[in-house]
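Use the sequences and the hints to build the structure in full.
Taken in order, these protein sequences are the chains called Y and D.
Anchor point for the first sequence: position 43 equals 42 in numbering that gives the first Met the number 0, and the numbering is continuous, going up by one each time.
Anchor point for the second sequence: position 8 equals 7 in numbering that gives the first Met the number 0, and the numbering is continuous, going up by one each time.
By construction, these hints were calculated from the structure, which means they are not laboratory data.
Every residue gets a Cβ at the ideal spot worked out from N, C-alpha and C, and that includes glycine.
All clues stand as given, with none of them false.
Computed spacing ranges between beta-carbons, pair by pair:
#1 Y:173 <-> D:2: 48 to 58 Å
#2 D:2 <-> Y:9: 37 to 47 Å
#3 Y:179 <-> D:335: 44 to 54 Å
#4 D:343 <-> Y:102: 37 to 47 Å
#5 D:508 <-> Y:102: 31 to 41 Å
#6 D:507 <-> Y:22: 48 to 58 Å
#7 D:183 <-> Y:111: 52 to 62 Å
#8 D:7 <-> Y:61: 47 to 57 Å
#9 Y:24 <-> D:335: 45 to 55 Å
#10 Y:10 <-> D:9: 21 to 31 Å
#11 Y:10 <-> D:313: 38 to 48 Å
#12 Y:173 <-> D:499: 53 to 63 Å
#13 Y:9 <-> D:253: 56 to 66 Å
#14 D:507 <-> Y:179: 50 to 60 Å
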Amino acid sequence: MIEVHGLQKLYGDFPAVQGLSFQVAPGEVLGLVGPNGAGKTTTIRSIAGIIIPSHGRIRIAGHDLATDPVAAKAALAFIPDEPHLFEYLTVEEHLRFIARLYSVGDVSAKIPVLLDELDLSDKRHALPGELSRGMKQKLAIACGLLHEPRALLLDEPLTGLDPVGIRRMKATIMRRAAAGAAIILSSHLLHLVEEICTRLLIMQRGKVVAFGTIAEIVASRPDLGTRRLEDVFLALIGQEEASER
Amino acid sequence: MIRVFGYLAWRSTRNRLARQLRHLRSPRYAAALLLGLAYLWFMVVAQRPASSATNLADARWLELVGALALLGAVAWGWIFGVERRVLAFSPAEVTFLFSGPVSRRGLIQFKLLHSQLLILFNALLWTLILSRERFGASPWLRVVSIWVLLTTLSFHRLGASFVRTSLAEHGRLGARHRIVSLGVLGVVLIALTWSIADALPRIVEARADSPFSFLAAVGEAASQPLPTALTYPFRLMVRPLTAHTLADWLDALWPALILMMLHYIWVVRSDSAFEEAAAQVSLRRARALSENPRRLASVLPASTTPPLFRLAPSGWPASAILWKNLVAVTRKRRVRNAALALAMAGAVVTVLSFEPHGTLAGIAGWLLVFWGASLIVLGPQWVRNDLRGDLPKLDLLRSYPLAGWSVVLAEVAASTLLLTAIQLSLLVIGYLAFLGNDSMYPGLEARTLALAAAFLFLPGINLLGMLIQNGAALLYPGWVRLGSGRAGGVEALGQNFLMMVAFIALLVGVLALPVAISGGAFLLLRRGIDGWAALPAATLAFLVMAYEAALLVGWLGRVFERTDPASAGIGG
Numbered sequence: 000m001i002e003v004h005g006l007q008k009l010y011g012d013f014p015a016v017q018g019l020s021f022q023v024a025p026g027e028v029l030g031l032v033g034p035n036g037a038g039k040t041t042t043i044r045s046i047a048g049i050i051i052p053s054h055g056r057i058r059i060a061g062h063d064l065a066t067d068p069v070a071a072k073a074a075l076a077f078i079p080d081e082p083h084l085f086e087y088l089t090v091e092e093h094l095r096f097i098a099r100l101y102s103v104g105d106v107s108a109k110i111p112v113l114l115d116e117l118d119l120s121d122k123r124h125a126l127p128g129e130l131s132r133g134m135k136q137k138l139a140i141a142c143g144l145l146h147e148p149r150a151l152l153l154d155e156p157l158t159g160l161d162p163v164g165i166r167r168m169k170a171t172i173m174r175r176a177a178a179g180a181a182i183i184l185s186s187h188l189l190h191l192v193e194e195i196c197t198r199l200l201i202m203q204r205g206k207v208v209a210f211g212t213i214a215e216i217v218a219s220r221p222d223l224g225t226r227r228l229e230d231v232f233l234a235l236i237g238q239e240e241a242s243e244r
Numbered sequence: 000m001i002r003v004f005g006y007l008a009w010r011s012t013r014n015r016l017a018r019q020l021r022h023l024r025s026p027r028y029a030a031a032l033l034l035g036l037a038y039l040w041f042m043v044v045a046q047r048p049a050s051s052a053t054n055l056a057d058a059r060w061l062e063l064v065g066a067l068a069l070l071g072a073v074a075w076g077w078i079f080g081v082e083r084r085v086l087a088f089s090p091a092e093v094t095f096l097f098s099g100p101v102s103r104r105g106l107i108q109f110k111l112l113h114s115q116l117l118i119l120f121n122a123l124l125w126t127l128i129l130s131r132e133r134f135g136a137s138p139w140l141r142v143v144s145i146w147v148l149l150t151t152l153s154f155h156r157l158g159a160s161f162v163r164t165s166l167a168e169h170g171r172l173g174a175r176h177r178i179v180s181l182g183v184l185g186v187v188l189i190a191l192t193w194s195i196a197d198a199l200p201r202i203v204e205a206r207a208d209s210p211f212s213f214l215a216a217v218g219e220a221a222s223q224p225l226p227t228a229l230t231y232p233f234r235l236m237v238r239p240l241t242a243h244t245l246a247d248w249l250d251a252l253w254p255a256l257i258l259m260m261l262h263y264i265w266v267v268r269s270d271s272a273f274e275e276a277a278a279q280v281s282l283r284r285a286r287a288l289s290e291n292p293r294r295l296a297s298v299l300p301a302s303t304t305p306p307l308f309r310l311a312p313s314g315w316p317a318s319a320i321l322w323k324n325l326v327a328v329t330r331k332r333r334v335r336n337a338a339l340a341l342a343m344a345g346a347v348v349t350v351l352s353f354e355p356h357g358t359l360a361g362i363a364g365w366l367l368v369f370w371g372a373s374l375i376v377l378g379p380q381w382v383r384n385d386l387r388g389d390l391p392k393l394d395l396l397r398s399y400p401l402a403g404w405s406v407v408l409a410e411v412a413a414s415t416l417l418l419t420a421i422q423l424s425l426l427v428i429g430y431l432a433f434l435g436n437d438s439m440y441p442g443l444e445a446r447t448l449a450l451a452a453a454f455l456f457l458p459g460i461n462l463l464g465m466l467i468q469n470g471a472a473l474l475y476p477g478w479v480r481l482g483s484g485r486a487g488g489v490e491a492l493g494q495n496f497l498m499m500v501a502f503i504a505l506l507v508g509v510l511a512l513p514v515a516i517s518g519g520a521f522l523l524l525r526r527g528i529d530g531w532a533a534l535p536a537a538t539l540a541f542l543v544m545a546y547e548a549a550l551l552v553g554w555l556g557r558v559f560e561r562t563d564p565a566s567a568g569i570g571g
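Structure (structure tokens):
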């Protein structure tokens with residue numbers, strides 16, 4: 000379970016995120032969408048405990064991120080759009096490193112399964128410098144999934160993956176959700192969001208523009224006479240801009 | 000094209016400076032700037048200049064000492080090599096310039112000229128640092144003299160690293176392209192060996208008399224024809240600094256400028272040869288592979304070596320960071336080879352120490368002890384497998400389920416362990432070098448106790464030193480260089496010197512209490528147990544240092560938890 004109450008992040012006087020509140024229940028996949036600079040990455044990094052919010056409260060699996068950060072972070076995984084890897088650890092050593100950090104038991108049995116799931120078995124002894132961009136992304140994903148997090152935060156997870164990798168990644172996300180993980184997925188790929196997200200949070204300039212299931216959001220704009228999320232999304236963003244002018 | 004390069008260099012420097020200055024809005028940075036300015040004022044203005052200008056004899060000594068120091072720096076570059084960091088292109092430069100209509104030689108010249116900004120800044124710093132020393136003609140002329148000196152030295156180290164890289168990567172083919180450089184190097188090496196062998200007995204004899212006799216013997220040895228010829232280029236580089244009048248300075252400057260230009264030509268031509276050699280080797284390798292694909296494994300570099308120890312899945316979670324940093328060191332450096340070399344050196348000096356005079360072992364022993372001791376100051380700046388290397392990945396570190404103090408402790412533990420291991424190895428070999436020397440003062444028992452005490456207090460000193468360095472990186476990430484490499488080379492000598500002086504001041508501050516307590520304990524206990532008092536005193540020092548370190552770790556842990564990657568301008 001991920002709970003966000005009144006999240007606000009200021010950079011100087013500039014509000015990157017304002018008054019954001021929502022919950023993601025176990026088994027749910029929340030899609031976070033919006034134009035560039037909408038505040039998606041700031042939101043997701045705040046929930047991951049990387050950025051310190053200016054105001055508001057975040058709880059992960061019942062643990063307050065501000066007062067009990069270690070327990071909260073132990074329950075979550077953050078997979079960024081740019082894989083951050085240690086250049087002198089091999090693929091397998093990355094996973095052993097993560098296993099120790101998150102106190103994962105039975106790691107010798109889990110690693111081969113995970114490497115197989117992400118098609119990395121052949122590269123288990125390779126250093127990151129020997130991996131392609133997509134493989135690095137898969138390794139970052141494997142590191143995020145090893146400790147079976149109850150909350151999963153994905154920022155543009157499909158960047159750099161090939162078609163097979165994309166299909167596998169989508170299946171992995173669905174499988175984790177089915178196993179009871181609460182997932183937040185930030186992406187510009189609306190077809191991906193439509194395919195795997197149970198609810199949608201559309202942001203613009205740090206504020207919520209729309210929040211609900213895809214059907215609810217599409218239904219909120221009957222005037223458009225469309226059932227396509229892309230049209231509704233563009234209209235919502237345009238509407239927001241128009242109202243602020 | 001020069002205008003494009005000029006635009007890129009100027010705008011990048013200006014914007015970088017503006018970004019650094021923006022940090023001053025934070026009170027922490029503003030306070031640091033005020034402290035820094037006060038420190039410079041103290042060094043430059045408040046200190047009285049030396050009462051009289053140096054005389055001619057002093058100038059000759061300065062020239063000799065300077066030339067010998069440069070010879071040492073150049074020899075270090077040839078033996079241990081330097082990275083071609085001057086030619087390290089950023090990803091953006093690779094993307095835009097390498098694919099653009101720019102010749103390879105043009106790119107190299109651009110980078111060399113770009114490095115001039117840093118050299119000029121450091122020449123100004125050195126002029127400030129040396130402003131109270133009244134040698135040389137005037138501060139303005141000194142800036143030019145230092146600039147010529149640093150630029151020549153920078154070019155030389157770059158050229159040396161080309162030769163080393165070429166030999167390492169291309170073997171005989173690289174040697175063929177380096178025939179002139181290698182020929183000059185060979186002649187210099189022979190002359191150097193000859194000179195040292197010739198002068199050493201007299202210098203060793205004079206050392207036994209008095210320090211003045213020792214200096215006189217060094218001066219006399221340096222004035223012999225061969226050493227004079229050997230140090231001549233280095234004297235040319237130093238001479239403008241010691242000139243007293245404008246006319247003397249002008250006379251001294253033009254040979255130094257010619258030397259600098261010769262180095263420039265050497266570097267630019269060297270790199271072209273390097274490229275050609277690289278191309279030929281690539282061609283030969285491709286041909287070999289097309290004939291026999293199974294040779295692929297033999298021509299590709301070995302990717303990994305197994306870690307020194309395997310990480311167990313259970314235990315203190317933050318120890319994973321310690322393990323990671325130690326694995327990185329073993330992958331970057333050939334630790335096993337180094338350990339083997341140290342063991343062999345220990346065996347050799349032990350045997351040599353039992354020789355009748357043991358002169359060679361004695362010199363080696365003092366050098367090793369001096370080296371080990373100097374690492375107390377230099378080591379924490381040199382060994383950086385800690386938070387300084389990991390802060391660019393702050394996003395990742397902060398997402399881990401670890402308390403701030405445990406991250407800080409695990410990070411500094413890795414570099415502390417490595418530095419302490421290096422230091423103790425040097426001290427042990429130094430100790431072995433004196434093992435057979437019965438006439439030496441202090442005696443064997445005292446030396447053994449001192450070594451045992453070093454095992455107790457060095458980890459504490461190094462831990463505090465590493466905490467100071469890591470604390471600086473955590474508190475001032477916008478001003479401290481992050482990543483595995485520090486600003487190095489002669490280009491950054493001035494700023495590194497200032498940083499080192501500030502570091503020493505802080506280290507002395509944190510060591511004052513443990514030194515006072517353990518010193519008092521030593522004096523008290525010595526009455527009863529003689530030199531053995533060193534051991535409880537060292538233990539006490541370690542405990543006090545551990546307490547100080549615990550306080551610092553706790554504080555830096557809270558700083559880590561409060562550090563916002565976006566506001567600090569680091570991380571993803």
